[in-house]
Each structure stands twice: as C-alpha cells, then as structure tokens.
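Chain order of the listed sequences is A and B.
Everything in the first sequence is counted per the numbering used here, starting at 169 for the first residue and increasing by one.
Everything in the second sequence is counted per the numbering used here, starting at 13 for the first residue and increasing by one.
These are calculated hints, taken from the structure and not from any lab test.
If you're wondering where the values come from, they're calculated on a predicted model, not measured in any experiment.
Honestly, I wouldn't trust all of these hints.
Claimed, not checked - Within a straight-line C-alpha distance of at most 30 Å, the following computed DSS-like cross-link-like pairs (lysine-lysine) qualify:
id	chain 1	residue 1	chain 2	residue 2
1	B	34	A	272
2	A	272	B	50
3	A	272	A	169
As the list claims (entries may be wrong) - Simulated coverage check for chain B against chain A, where a stretch passes if three residues somewhere in it have a Cβ under 8 Å from a Cβ of chain A:
id	stretch
4	54-60
5	96-107
6	116-123
Backbone N, C-alpha and C define an ideal beta-carbon position, used for all residues, glycine too.
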Amino acid sequence: KQEVTQIPAALSVPEGENLVLNCSFTDSAIYNLQWFRQDPGKGLTSLLLIQSSQREQTSGRLNASLDKSSGRSTLYIAASQPGDSATYLCAVDAGANSKLTFGKGITLSVRP
Amino acid sequence: DTEVTQTPKHLVMGMTNKKSLKCEQHMGHRAMYWYKQKAKKPPELMFVYSYEKLSINESVPSRFSPECPNSSLLNLHLHALQPEDSALYLCASSQELGRISNTEAFFGQGTRLTVV
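All chains, please: the whole structure from these sequences, using the hints.
Next comes the structure, spelled out in structure tokens:
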C-alpha cells in the first residue's frame, strides 16, 4: 500500500528565505507526483505536476524535483513571501484508476 | 480555463434533510472525483467517475449518493447525514483515468458542510 509522508508538519521562516519542502513515498511505481497548495478552508490549487519520466518541473519561484528510485520529491520555493503561507500537499498517482494518495501536508508560515 | 466550480460554498443541514452538492467543469475532462477532507487531514477519496460511469466507490456509506448526469457535471446527494460527516467536500477532475503520466488533477474550492 502506497504511503506518502511529509515532514515536518509545520514550518515557519522569515520572508525572503529560500526553502525546501520534502515528500517521500514508499512505492516507486508511480505515474506522476503532484504538488498542491491549500489555503485555510479552501480547495486545492495545483502547483506542479511531475511525470514519472521527469526529474523536475519549474513554475515561477517554484521548482519541484522527483527521484523515483529513492521515493522522494522536493518543492523548492525561492525568495519566500508572506503570501506563500499555506499548507502544501504532495500526492502520488500510482494506480490504474488515477487515485491520488496524499501526504498530510506541510503548513508553511512566512513571517514578514 | 482550468476551473472546477462547486456549489454551494457553505451548507448547513439537519440530520433529516436531503441536500445536494454540485460540481461543474468545462475542460473536457472525463474523470471526476469526490473527496472528503476533515480539518487538518489530507483529502480522502470517496468516488470516481469515468466517462459518466461510477468507477470507484471507496466503501462510502449509502447516505452519500453520487450522480454524474453528463460529462461536465457531478452531484453528491446527501440524506440522513450524521454530525461526523461535517467536512470540506472537494470535487476534482482530470483528463481521464488510466496509466497516464501527464494526468493532472484540478480541484474545486470545496463545499464546507456542517451537519447539525
């Protein structure tokens, strides 16, 4: 059974800092990995999708990497801003039914 | 347009009420999903529809009844819910099911449901 882990559960950094959020998964047989952002009480916003054949994807200040063999992904946020404060979830798609398995998320707080 | 629209945004219902949640997407996606999310927990899959047919039911109680009237719409009918069913209900869509590596899931903003 696929398990996705995100540690730590919460992170607080000063504005301007570059930071890395980690995600690990137990079964490397995935089709893709997706990073989402969730603001309190809101839905999920897709940030980046990394296909199983890819090593990384970039969007603006965000860069996500994938190492399937070691079961790890990282989300790099450059020059963090208070507006980046949110919960970041990673999810893996590992099945024929495109069922996403989510980590518990990392709640990020960027202090002005 | 990568938008999934859910209505209503908030819903308060009694345990004897019948209500429905609605979800709509116009991206031409053929897979649609219902997820349930409790506070400070990750989303949990409830149902998956593929080409308007129910593909997955994650052993959800029958008081939740999904319906996919057409390829753009997904409903979740609620009846005789319990207070513990209070949660954020999220709808999502993706291009289609299957072993496709570029299938990106798009989520709506959710319906905050409170059962009293």
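Now the hints, each set against the structure:
1. Restraint check for residue 34/B and residue 272/A: satisfied, since their Cα atoms lie roughly 26 Å apart, inside the 30 Å limit.
2. Pair hint residue 272/A plus residue 50/B holds up; C-alpha atoms about 11 Å apart against a cutoff of 30 Å.
3. For the given pair, residue 272/A sits about 16 Å from residue 169/A by alpha-carbon distance, which is consistent with the 30 Å threshold.
4. Against chain A, the stretch 54-60 of chain B contributes 4 residues with a C-beta closer than 8 Å to a partner C-beta. That satisfies the three-residue criterion, and the hint holds.
5. By the rule of at least three residues with a Cβ nearer than 8 Å to a Cβ of chain A, the coverage given for the stretch 96-107 of chain B holds, with 4 such residues.
6. Interface restraint, the stretch 116-123 of chain B with chain A: holds (7 residues with C-beta to C-beta distance below 8 Å; minimum three).
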